[in-house]
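> Hints are included, so try docking the two chains, each in its own frame, into the full complex.
Residue numbers (my numbering), protein chains in the order written: chain P, 1 to 326; chain G, 1 to 371.
The set of hints was computed from the structure by calculation and includes no laboratory data. Note that the coordinates shown come from a computational prediction; the quantities given were computed from them, not determined experimentally. From the three backbone atoms N, C-alpha and C, an ideal C-beta is built for every residue, glycine too. Heads up, a few of these hints could be off.
Restraint ranges, calculated between C-beta atoms of paired labels, are given here [as the list claims (entries may be wrong)]:
| no. | chain 1 | residue 1 | chain 2 | residue 2 | range |
| --- | --- | --- | --- | --- | --- |
| 1 | G | Gly-36 | P | Val-321 | 41 to 51 Å |
| 2 | P | Phe-275 | G | Asp-138 | 31 to 41 Å |
| 3 | G | Gly-36 | P | Lys-324 | 43 to 53 Å |
Chain by chain, the residues:
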Amino acid sequence: METAGNPIVLRMVIAVVLVIAFVFLNAMVMGYLERKISARIQRRPGLYEVGPYGILQLLIDGLKLIGKQLLIPMEADRFLFRLAPLLSFVPVVLPLMVIPFSPKLQARDFDIGLVFILAISSLNVMAILMAGWGSNNKYSLFGAMRSVAQNISYEIPMLLSLLAVILMTNTFSMQGIVAAQNKIWFFLVQPVAFLIYIIAAFAETNRAPFDLPEAESELTAGYHTEYSGMGFSLFMLAEYANMFVVCSIATTLFFGGWHGIPLPFGEYSSAIWFFIKAYGLMIFMVWVRWTYPRTRFDQLMNFCWKYLIPFALVNLLVTAVLVKLL
Amino acid sequence: MPETKNIQQEHRFFLNMGPQHPSTHGVLRVILEMDGEYIVEPEPVLGYGHRMQEKMAEGRSWPGFLPNTGRMDYAGALPYNHGYVALIERLAGVEVPLRAEYIRVITSELSRIASHLIWFGALLLDLGAFTPILYTFDDREQILDALEDITGSRLTYCYFRVGGVCKDIDDTFISRVRAFIKRLRSRFSMYEKLVNGNIIFLKRMEGIGIIDADMCRRYGATGPVARGSGIPYDIRKCEPYSVYPEFDFEIPLGDHGDALDRFLVRFRELEQSLRIIEQALDKLPDGPYLGKVPKKLKLPTGDCNFSVETARGALAYYLVSDGSEVPYRLKIRVPSYSNLSVLPELCRGMLLSDLVTAMGSLDLVIPEIDR
Numbered sequence: 001m002e003t004a005g006n007p008i009v010l011r012m013v014i015a016v017v018l019v020i021a022f023v024f025l026n027a028m029v030m031g032y033l034e035r036k037i038s039a040r041i042q043r044r045p046g047l048y049e050v051g052p053y054g055i056l057q058l059l060i061d062g063l064k065l066i067g068k069q070l071l072i073p074m075e076a077d078r079f080l081f082r083l084a085p086l087l088s089f090v091p092v093v094l095p096l097m098v099i100p101f102s103p104k105l106q107a108r109d110f111d112i113g114l115v116f117i118l119a120i121s122s123l124n125v126m127a128i129l130m131a132g133w134g135s136n137n138k139y140s141l142f143g144a145m146r147s148v149a150q151n152i153s154y155e156i157p158m159l160l161s162l163l164a165v166i167l168m169t170n171t172f173s174m175q176g177i178v179a180a181q182n183k184i185w186f187f188l189v190q191p192v193a194f195l196i197y198i199i200a201a202f203a204e205t206n207r208a209p210f211d212l213p214e215a216e217s218e219l220t221a222g223y224h225t226e227y228s229g230m231g232f233s234l235f236m237l238a239e240y241a242n243m244f245v246v247c248s249i250a251t252t253l254f255f256g257g258w259h260g261i262p263l264p265f266g267e268y269s270s271a272i273w274f275f276i277k278a279y280g281l282m283i284f285m286v287w288v289r290w291t292y293p294r295t296r297f298d299q300l301m302n303f304c305w306k307y308l309i310p311f312a313l314v315n316l317l318v319t320a321v322l323v324k325l326l
Numbered sequence: 001m002p003e004t005k006n007i008q009q010e011h012r013f014f015l016n017m018g019p020q021h022p023s024t025h026g027v028l029r030v031i032l033e034m035d036g037e038y039i040v041e042p043e044p045v046l047g048y049g050h051r052m053q054e055k056m057a058e059g060r061s062w063p064g065f066l067p068n069t070g071r072m073d074y075a076g077a078l079p080y081n082h083g084y085v086a087l088i089e090r091l092a093g094v095e096v097p098l099r100a101e102y103i104r105v106i107t108s109e110l111s112r113i114a115s116h117l118i119w120f121g122a123l124l125l126d127l128g129a130f131t132p133i134l135y136t137f138d139d140r141e142q143i144l145d146a147l148e149d150i151t152g153s154r155l156t157y158c159y160f161r162v163g164g165v166c167k168d169i170d171d172t173f174i175s176r177v178r179a180f181i182k183r184l185r186s187r188f189s190m191y192e193k194l195v196n197g198n199i200i201f202l203k204r205m206e207g208i209g210i211i212d213a214d215m216c217r218r219y220g221a222t223g224p225v226a227r228g229s230g231i232p233y234d235i236r237k238c239e240p241y242s243v244y245p246e247f248d249f250e251i252p253l254g255d256h257g258d259a260l261d262r263f264l265v266r267f268r269e270l271e272q273s274l275r276i277i278e279q280a281l282d283k284l285p286d287g288p289y290l291g292k293v294p295k296k297l298k299l300p301t302g303d304c305n306f307s308v309e310t311a312r313g314a315l316a317y318y319l320v321s322d323g324s325e326v327p328y329r330l331k332i333r334v335p336s337y338s339n340l341s342v343l344p345e346l347c348r349g350m351l352l353s354d355l356v357t358a359m360g361s362l363d364l365v366i367p368e369i370d371r
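Pulled out of the complex, with its shape left as it was, chain G reads as follows (with noise of 0.2 Å):
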């Protein structure tokens, strides 16, 4: 931890950090008040990559919206399209099949793996080494080409429907899906000795960037971030939705809520993840994987809210219906952006390197937050 020393006010000067640059994981741009390499005041500017997807929400029908969600988040699409097919089963009171919310369940945490693999990689390539992305690459591809079979993309799905799924998975789905886990399983081990057994990582992770569960709570940091402090907060657990309270899996927590606490919560939900798909598989019911939905969409007058777990956070949707085809309004409330909003007060008389690990550690998709 360096120590925080006293800044005379002569010696600052700025440093923008992006938008163009290699660690902020898009467009992202920092505008830091500097005091040599220590951080004075970092002041995050978001909105180079606004893309209005709220206002575009409300000039289409309501699954016409659904291609959209898909591309918020690109590293982990699926439970952004589950929040809102759920949100519009919610206010529109249509049933789903038993077999699509198993099919929900096992995708979504699909894309949960691909994208905290995703992260795995990106952080160490924040702290220099550059291996480990390929090698995590190489492991999201496993499920990139399961997924493309059935969803026919690759990056930005657009697989579930109102009342169920678009296609039903099938054998070749579940025995490549099988395979995954068992390839990420042997390959727990080798992540896990880059941890426990890499010096220069661990002393980049302790102790940097400690986010207490009091700053959590003020900013409203979700998902990892807030399970990194302690907090045991989980929308699969504390309202569950979907088929998640059939399933035996555990909440990892951290301690002190610094970047090595973040990176071990999201290292365990790999393996929690994993166990959630293998009880999905096995227990897999028969039936359809659609349900009845009426050609032409209609919601009743009103407003509804739906939160689902993703892989950054609690993700909400928020919506307004005036009884038309389209949507009055619709609110959508991203993790990344109250993650993010964590950050200036995080990185006060921080280091620049450790600025780079604080940020890889909060995992921020930009597209998400500049939706």
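Excised from the complex, chain P in its bound form (with noise of 0.2 Å):
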């Protein structure tokens, strides 16, 4: 995306284009390797009937998705229902923007970006919200009301956890961020506040352990449970994009972004690296996914408000503290 001298409007145009595409393709190669790890630690194949290695699984399953009917439950609200898989699709397409993939490799580089990217992936509330209450299914409104609680409460951990680094950079920018952990990775310096990132993380992504909005031993899917085909199908590209943005979040702050050793690619190394981090934490993420059970909606608020919330102001007191007297 080298194009400085075209106008910006025709940069952002090809930005955006390449950032769908890529929350496609994310999508996929998660769908992929879920399942596949998934498969490794519960002792099954996994898939391996299309293409080698199954490879090809998850095209197919994206033509089955295109192909199925939508069905739209009676007295739903036609529009929120409809609307809602779109809306979920929007928070997670435009923080891509703003996160440094290598030195170059970026749509934006904001003053603000960090603020930019949390301020957006708020609206992912939204999205599950209006589905949950679009359903005119009770299951649905359960899980649309837990995310709603829990995604506003954990967005305050997060948050603070985050600002514990913003106060060692000084810089709201993404890149400047990067460009700080050039001696050392923040994870080193800043432990507490990367361990509260993370679990916020799980829990803003809807991930398992804190998989409530979707719980399917209590909820049977929760919020998306009358989705079909394509709109059920936005849902996991979202989701699978909102982890991508949560770790690659974690790795511009914690993990040095695009640093690493030169490898033999040039200009192009630094994004592998940036890629390789952000995986492997999504990698973290699907296997915790695949070993734990899932906690109770009461003890996931009490874990929120009575232990993260604390430790992460304490810590950003000691930061604070800290940065003042270094």
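Shown next as structure tokens:
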């Protein structure tokens, strides 16, 4: 995307197209990885029928989902019901615009990049609430309500843990944060903040053990119970893209972003490092999902308000004092 | 434990859990009167899978009903066989060879382990952990393979016969079972770690769905549910049948009667069943595996009752015979039915998530209730 001479509009259009293409690609890769890794954990072969090692399975699944009839439940709020999957897509595409994949591979480097990401990704809750409310299904509504409470609660420790890093780097710009880590990665300096961030990230992306909005054993499928075909797959796309976003933030803020030993690919090697780190974290999320049972809702909220937020505040305070002193 | 709160009448609404719900383990429907995520009044609705097994028995010869017994509880079918053949033997006064009794105990206990393994995985699935069920299925597969060798089927067994069993066990079976015992013992530490080392699991199970001993007696709950509440009631010990008195085993008991206790009771029962099988294999006597039974079985007039301990609790067959070739009346008392009847009292004021845990810890098999 090194089209600095071109008009900014063209540059943005290219970026949007690439980002959307990436979201689909990411969902395919993650869908495949999730199923293969879970199969490995569960001692079963996983997908292996379509293509070598089943790599074409996701493509076929996509075709199947497109071919499916889109059902709308009776007396559902048709407008909200249709809009929700699309809306769930927006807050995961936009943050990708400011994520620095390499020194140059970034659609736009805002001064307030991190704030932009956090502000936009909060919209995700809205889509889930609309899906749950619009479905005219009590299970969906339960899922939506849980999601709202959970996401709004976990935004706080997430933000507080990120603020600790911001205090050290003195900038909200994503490139600036990466540049500040050329000596040491921040997860070594800020282990508590990283731990709090990663726990909050699990909750924000509705991944197990905090996948209460779609807890299949309690709520059948939660907020997307009534969705079929592409409606459902847009939610899945959004989930994987969301995972990528939170893992990218973790990579940028705690794992030195695109920093790494130079590889024999010149300028691209930094992007490769970024993807290795981000996907490593995503595989960690997959691993956790297939290992742990689900928490209960009140336990989840207690954990956030009684442990995560106080610890995040203390961590922030300590960081502030140390930054001032050193 | 969620605190029970003041529930306002106007906020209540109804939620249908089932008959198509992943956590009801079959076609059970529970109508829940809810206040937010709190349950005000749960009402189980049964009968979606009703197959009139008891009525069917009235149209078949005595041994003709035997295949049906295996179809009631598909998770651990052999004790169901056992109860029925033992009932007819008691009424007809048929002698069973000792070897046949040993084989019955071995296979019944294997069936119990298979059932507990499936429950173990299913409970964790209810808690949101998907992986353990595949591990337990892997273990269960070893039992099914071994039983398939001698019974010819993998799920709905019809292996016992009046006066014995239909096929003798061979060395392949014995070595398979011994290998399985070794394998399962080695897996215990892994399963144990899951219990003691997982805070999410403990927090979900501790203090949830407390059933006290009095409640068990009022509803007639038996099996691991009653034993989890500290009632040492196990038919294998209390009214011993077959050759159970010859073996040395314990009845694990719980203290509090919560979901975790029921979990631990079943978990320890796996070890006890392994002990029984080991002793039975060591002591296995030679001799015929099927006694002398007249071709046309005619029962004397009268009635008879026989109870066995299945994986879920006390199973009782009650039979009235009018001297003809078919039963006059057959009444089956299934353990899951009375265990389920605890549910409404158990779940008042509970969270929806805890209902799932509580139901999972009761180990319900719906086709057995809707027989």
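> For each hint, tell me whether it holds in the structure or not.
Taking the hints in turn, this is what the structure says about them:
no.: 1; hint: G:Gly-36 <-> P:Val-321: 41 to 51 Å; in the structure: holds, 42 Å
no.: 2; hint: P:Phe-275 <-> G:Asp-138: 31 to 41 Å; in the structure: holds, 35 Å
no.: 3; hint: G:Gly-36 <-> P:Lys-324: 43 to 53 Å; in the structure: holds, 46 Å
Checked against the numbered hints listed earlier, the structure breaks none of them; every hint is satisfied.
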